[in-house]
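Undergrad: Residue numbers (our numbering), protein chains in the order written: chain S, 1 to 241; chain E, 242 to 482; chain V, 483 to 723; chain C, 724 to 964.
Each hint should be verified, as a subset may be incorrect.
Said to hold, decoys possible - Restricting the straight-line Cα-Cα distance to at most 30 Å, the calculated cross-link-like pairs of lysine-lysine (DSSO-like) are: (1) V/521 to S/219; (2) C/726 to C/935; (3) V/499 to S/2; (4) E/280 to E/243; (5) V/701 to V/504; (6) S/2 to V/504; (7) E/244 to C/725; (8) V/485 to V/540.
By construction, these hints were calculated from the structure, which means they are not laboratory data.
Protein chains: 4
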Amino acid sequence: MKKINVTVWNEYGDDQKEKAVKDIYPHGMHITIAEFLNKDESIIAKTAVMQDAEHGLKEEVLADTDVLIWWGHMLHDNVEDYVVNRVTDHVRRGMGIIFLHSAHKSKPFMQLLGTSGSLGWREAGERARIWTCEPSHPIAQGVPNQFAVENEETYSEPFGIPQPLETVFISWFSGGNVFRSGVTFQRENGRIFYFQSGHETYPVYHNEHVQKIITNSVKWAAPVIKVNSLDCPNIQQLEKI
Amino acid sequence: MKKINVTVWNEYGDDQKEKAVKDIYPHGMHITIAEFLNKDESIIAKTAVMQDAEHGLKEEVLADTDVLIWWGHMLHDNVEDYVVNRVTDHVRRGMGIIFLHSAHKSKPFMQLLGTSGSLGWREAGERARIWTCEPSHPIAQGVPNQFAVENEETYSEPFGIPQPLETVFISWFSGGNVFRSGVTFQRENGRIFYFQSGHETYPVYHNEHVQKIITNSVKWAAPVIKVNSLDCPNIQQLEKI
Amino acid sequence: MKKINVTVWNEYGDDQKEKAVKDIYPHGMHITIAEFLNKDESIIAKTAVMQDAEHGLKEEVLADTDVLIWWGHMLHDNVEDYVVNRVTDHVRRGMGIIFLHSAHKSKPFMQLLGTSGSLGWREAGERARIWTCEPSHPIAQGVPNQFAVENEETYSEPFGIPQPLETVFISWFSGGNVFRSGVTFQRENGRIFYFQSGHETYPVYHNEHVQKIITNSVKWAAPVIKVNSLDCPNIQQLEKI
Amino acid sequence: MKKINVTVWNEYGDDQKEKAVKDIYPHGMHITIAEFLNKDESIIAKTAVMQDAEHGLKEEVLADTDVLIWWGHMLHDNVEDYVVNRVTDHVRRGMGIIFLHSAHKSKPFMQLLGTSGSLGWREAGERARIWTCEPSHPIAQGVPNQFAVENEETYSEPFGIPQPLETVFISWFSGGNVFRSGVTFQRENGRIFYFQSGHETYPVYHNEHVQKIITNSVKWAAPVIKVNSLDCPNIQQLEKI
Chain S
1 MKKINVTVWN
11 EYGDDQKEKA
21 VKDIYPHGMH
31 ITIAEFLNKD
41 ESIIAKTAVM
51 QDAEHGLKEE
61 VLADTDVLIW
71 WGHMLHDNVE
81 DYVVNRVTDH
91 VRRGMGIIFL
101 HSAHKSKPFM
111 QLLGTSGSLG
121 WREAGERARI
131 WTCEPSHPIA
141 QGVPNQFAVE
151 NEETYSEPFG
161 IPQPLETVFI
171 SWFSGGNVFR
181 SGVTFQRENG
191 RIFYFQSGHE
201 TYPVYHNEHV
211 QKIITNSVKW
221 AAPVIKVNSL
231 DCPNIQQLEK
241 I
Chain E
242 MKKINVTVWN
252 EYGDDQKEKA
262 VKDIYPHGMH
272 ITIAEFLNKD
282 ESIIAKTAVM
292 QDAEHGLKEE
302 VLADTDVLIW
312 WGHMLHDNVE
322 DYVVNRVTDH
332 VRRGMGIIFL
342 HSAHKSKPFM
352 QLLGTSGSLG
362 WREAGERARI
372 WTCEPSHPIA
382 QGVPNQFAVE
392 NEETYSEPFG
402 IPQPLETVFI
412 SWFSGGNVFR
422 SGVTFQRENG
432 RIFYFQSGHE
442 TYPVYHNEHV
452 QKIITNSVKW
462 AAPVIKVNSL
472 DCPNIQQLEK
482 I
Chain V
483 MKKINVTVWN
493 EYGDDQKEKA
503 VKDIYPHGMH
513 ITIAEFLNKD
523 ESIIAKTAVM
533 QDAEHGLKEE
543 VLADTDVLIW
553 WGHMLHDNVE
563 DYVVNRVTDH
573 VRRGMGIIFL
583 HSAHKSKPFM
593 QLLGTSGSLG
603 WREAGERARI
613 WTCEPSHPIA
623 QGVPNQFAVE
633 NEETYSEPFG
643 IPQPLETVFI
653 SWFSGGNVFR
663 SGVTFQRENG
673 RIFYFQSGHE
683 TYPVYHNEHV
693 QKIITNSVKW
703 AAPVIKVNSL
713 DCPNIQQLEK
723 I
Chain C
724 MKKINVTVWN
734 EYGDDQKEKA
744 VKDIYPHGMH
754 ITIAEFLNKD
764 ESIIAKTAVM
774 QDAEHGLKEE
784 VLADTDVLIW
794 WGHMLHDNVE
804 DYVVNRVTDH
814 VRRGMGIIFL
824 HSAHKSKPFM
834 QLLGTSGSLG
844 WREAGERARI
854 WTCEPSHPIA
864 QGVPNQFAVE
874 NEETYSEPFG
884 IPQPLETVFI
894 SWFSGGNVFR
904 SGVTFQRENG
914 RIFYFQSGHE
924 TYPVYHNEHV
934 QKIITNSVKW
944 AAPVIKVNSL
954 DCPNIQQLEK
964 I
């Protein structure tokens, strides 16, 4: 069986290299995510960070990527537009993309969805309960009906997104808020999954259920086909109408 | 301006005539709902109950109804199938329908949506917070970003419905649950809104925001057109192809 | 790999046993469909017809069916309601279902979609061109951008269905009509595909592209999970909120 | 009743000032469109063209626009990005937008939908038949079941758009093609309608049904609310959880 090539991208800013974060993710969240993905024998996960040449997302990297995972927070504006355009073009041509946590304000997210990605938020270390709305969705397989993340950044509705194709998860926060925390979209040939859990100062990506969800989402988002171009062909009339 | 004719239907079983409920809704919830709707000058609301002949939903009643509001809980199975078929036929031909609270297991709800309407529940008088996900939806106009209902029956995901056309409201419950509490659907010419709040032993229909939501939903669900039939016409070939 | 168990159901009325049809489908369309499905090594297809006991759809048959294919036309009303309820219950619990051609007026189709399934039609042997709208959909893999069926019953918009989850195919008819001929839906755990091509007096099910589409749709509709029941559990409050 | 302020925008390139087009639209298509819109007493339509300062779409113009109509073809790339961003920001905050014909490749269309807008095309003066799929949609009111446009540029599936909220119209072309010619979307507070008919060398905008559709779409897309900003507020914990 052909394996799924994943590239885990992280802005990996200075704030992620401070002690509070390093204690949880010594080599960065992208390494932790790639590590648990690589435990699945159908996945080959590599990593890339913003500081790499062309943000680590050269044409040949994306051409060889089935699913791209995107983590960004403080440095969204520093991502070069030509790289963003390259990423979204690949999604439209078939590459899957998983947006994690604060990637709701990343350039590729907004460019693909067409909305602002706005939401309410606070950092209060509240308990989050992630509820499954679609138990038969491939992304929800092996995930309990609900599970808790003891400390999480609170995100709140209204969430500035188009109506999702599927609302797979909704989160409850102990401070009184709710949030559509796992939603799917499709943009031409590319599948998109947004998943909210994952603030950098909490060990969320060590949670077994979060790992299961992200692993499932990679398999779900792997391309059915990748097309070479999305031009507007001048087509001839059919010979026999 | 043509007024919107509303019929508020209630199963109005014996349990609703006991003291606990009568203290809140002396003449039944249908009367309370019709009363606040009639405060809106664009609406004329009448009522019908299960004990009426043909459940109060004779052909001429439905023919004269723009939007039907449905409240049922304990007596779903007692609703005659021929009345259910008449109701759903009118919806498909253009009549709007609003399903309240436990109507998620009513025959018309399941017949129109095609799903079981299953959900988790408990009666624990928990606080519910109703969050607006779509602030620009007509049903959300004049409704705050979120509001609390101090005591409500808890409903929980997963909710057995098709992907909604729009998820307008999601509710948070103090016991740890979430629920898609305000969702829209369309079935041919008829618009459908389900709204969760409204357990009979709590004074939910006296809440100003709940009243606003139901009033808005009536205006949103009023038919654009009502068609006479939904047959399958044998059509001729176009004269000039 | 676990194989996909398919049951191909046909009303198989007297009209299908007349010469015009028998010349094309000597043993009935269900046999032809099962035969081409069985050429795919991941599928095991059996058949059932209306004349069998319980229409050939006993509980144990459905319990062992991953995907049910439904062909009916003249005898929709003769299908017993208890069998229809059993079929739709299995769909909601995870069984996939493929509705072919005139099954748009079958009881299970209307019960699952909640709409009338109405459309315009004529029998004029017109050429149909089936266009692919979603080239990356699993059901469209290996199917050309468009292909012709030389003679087909003409179906025409408006088609009385809810907005599909995905519009995979749209058909053009030489007499001037269009029709959403390949559409997907989901009802709780069950996936639904409707495909229009396949009038009994034309050899449509011998067309290689039609065979490819139906084979693909079986794989797409195979259940992710099958659940035992869709009741409404009385749930306890979470121990630690 | 508050009137709906419409701005009809046209790239109005040199090609539109040549005889073939001027014979049909002496002062440009934008003037023709504004003229028929202004016949409706609920609408006040003004115009703007690319050659105006800031393309005629200064902040104060958009702030005063309820619905923007966009016609562009040859000069998509010449539209300044800061104007595009201003337009799409207004849509997200509530302004409606109607994209006509070749605007499927305009910058605002692609930025709002997130897809390429690709399609097949040929200029062969074929007959188009526009079929109504959703007879009860507000945009379809007063429009016949189907109508012909005698000569139109042919557009063909696959059309590179997300699954529409509603597919209101599908077109049949005499050369054998089909196209989803009238589709709706929503992006946060703003409603979007794309309508295909309207090649500049054919008198399509003089067709009564086309005029009806565009007029209806303006009323449908008029904002329910316009919000001031779509930021991400840092929200406090609720006082009483």
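Undergrad: Could you run down the list of hints and mark each one as holding or not?
TA: Structure-based check of each hint:
Proposed proximity of residue 521 of chain V and residue 219 of chain S is supported: the alpha carbons are some 27 Å apart, at most 30 Å. Taking the CA atoms of residue 726 of chain C and residue 935 of chain C, the gap is about 18 Å. The hint holds against a cut of 30 Å. For the hint linking residue 499 of chain V to residue 2 of chain S, the alpha-carbon distance of about 47 Å lies beyond 30 Å, and the restraint is violated. A distance of roughly 16 Å separates the Cα atoms of residue 280 of chain E and residue 243 of chain E; the hinted pair therefore holds under the 30 Å criterion.
Using a Cα cut-off of 30 Å, the hinted pair residue 701 of chain V and residue 504 of chain V holds, with the two alpha carbons roughly 29 Å apart. For a cut-off of 30 Å, the pair hint linking residue 2 of chain S to residue 504 of chain V is broken: about 44 Å separates their Cα positions. With a CA separation close to 20 Å, the supplied pair residue 244 of chain E and residue 725 of chain C stays within the 30 Å bound. Between residue 485 of chain V and residue 540 of chain V, the direct Cα distance comes to roughly 21 Å. Compliance with the 30 Å bound is thereby established for this hinted pair.
When held up to the earlier numbered hints, the structure conflicts with 3, 6 and fits the remainder.
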